[in-house]
Every structure is written in structure tokens, then in C-alpha cells.
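**Student:** Sequences are here, hints too, so could you generate the full structure?
The residues making up each chain are set out below.
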Amino acid sequence: AQKVTQAQTEISVVEKEDVTLDCVYETRDTTYYLFWYKQPPSGELVFLIRRNSFDEQNEISGRYSWNFQKSTSSFNFTITASQVVDSAVYFCALQGGSEKLVFGKGTKLTVNP
Amino acid sequence: DAGVTQSPTHLIKTRGQQVTLRCSPKSGHDTVSWYQQALGQGPQFIFQYYEEEERQRGNFPDRFSGHQFPNYSSELNVNALLLGDSALYLCASSLETGHATNEKLFFGSGTQLSVL
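Just so you know, the protein sequences line up as chains U and F, in that order. Under the numbering used here, the first residue of the first sequence carries the number 1, and numbering increases by one thereafter. Under the numbering used here, the first residue of the second sequence carries the number 1001, and numbering increases by one thereafter.
No lab work stands behind these hints: they were computed from the structure. Since no wrong hints were added, every one of them can be taken at face value.
So these bits of chain U aren't anywhere near chain F, every CB distance computed over 12 Å: (1) V13; (2) E15; (3) V19; (4) E59; (5) N67; (6) T72; (7) S73; (8) T78; (9) I79.
Interface residues of chain U toward chain F, partial, derived using beta-carbon atoms under 10 Å: (10) L45; (11) V46; (12) K100.
Note that the Cβ used here is the ideal one computed from N, Cα and C, for glycine as well.
**Tutor:** See the structure below:
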């Protein structure tokens, strides 16, 4: 069975702080994809990143960075110098051979001015 | 270029009623997936439609059914509504590439269903 665990239910930071959102996954598939989505209050899930299981290179996109470690089955997401507009619920998701996305329960991030 | 559009945005029903939710995929996409997101939870996969047929289904009862039309738009039908069906229903579209893990999903803003 596939499972995604986001242990942090809610995180609150002050603007300009760095924040890391944790994601741990379980799968028996050897080929799989990992995702992060952002869900603002409007409800739409906004795609942030997709990483395949064979690419463990860390990735940086502006203030966002992702650390993928197969050894610990983790795919953590860091926001550097957080901003109020980063406030949202963030979901980690896993897609294996079954095609469907399996989501974690999400982490609600609040960035206070 | 319109993204994924869903209608209606909000809906209130009573127990036992039936509901139909609609989804138009992003231009150029041919595959539609439906997800249910209960309050405080992550989305859960309901089913996926491709070539007007249900291709894969999650762990949802037969009360949940769907349809895909020749123009790739889709409907989600829920019969005999229960209080527990109250949730945000998200539609996602993608382009079939022949390799499932290459799919990149684009989500709509969802339909918020409240069952009283």
C-alpha cells in the first residue's frame, strides 16, 4: 500500500523566517513520482514540483527548495524568507504504478507579518 | 487558455438526494480524475475517466458514479447522499501519454458540497 505522512498539521512563522515542511512516504513501487501542491483558500490545488524516484538531486526554484532522500523515504520542502502570500495548506503526494495520486493530510502554513 | 473549470462552486443538498457535479478539463487534456477532500484531510481519489470509460477507481461505494463525454468533459454523480459526503470535490485533468507516472495533473477549484 502507498502512504504519505505529513506529521506537521499546522505551522506558524513570522515573515522572513525559513520554514521546512516534512513529508515521509511509503511505497513498494520502484518507479514512482513525488509531488508538492499548494492549496490557497480558493481551493484550487497548485502544482509546485514533481520528482521521480530515480532523481535524488535537490532542487531549488526561487525561494523554494526540495530535499529528496530515498534512504529515509522523505521529500521535504523548504521555503526561504517566507512571505504572507505563502500562507496556504501544502500537500505532499505520491504516484506509483497505480496512476492515482495519494495525498498526505496536508500542513497548514501561516506566515504572520 | 482556460484551465480546469468546475460547476457549481457550492451546493447544498439534503440526505437521500442525488447530486451531479460537472468538470471541463484543461484545453488539450483528455483524461479526467475526481477527488474528494473532506475538511482537514488530503484529497482522496474517487475515479478516473479516459476515452469515456472509467479506467481506475478508488475505495468509494457504487453510489459514486461518473461519466465522460466525447468532448472530454465529465460528470460526477452521487446518489443517496449521506452527511459524510460533505466535502470539496476536485476535478483534475491530464493528457494521456501512455505512461501513467508521466501524468501531470491540473486541478480545478472544486465544488463544495454540503449535505444537511
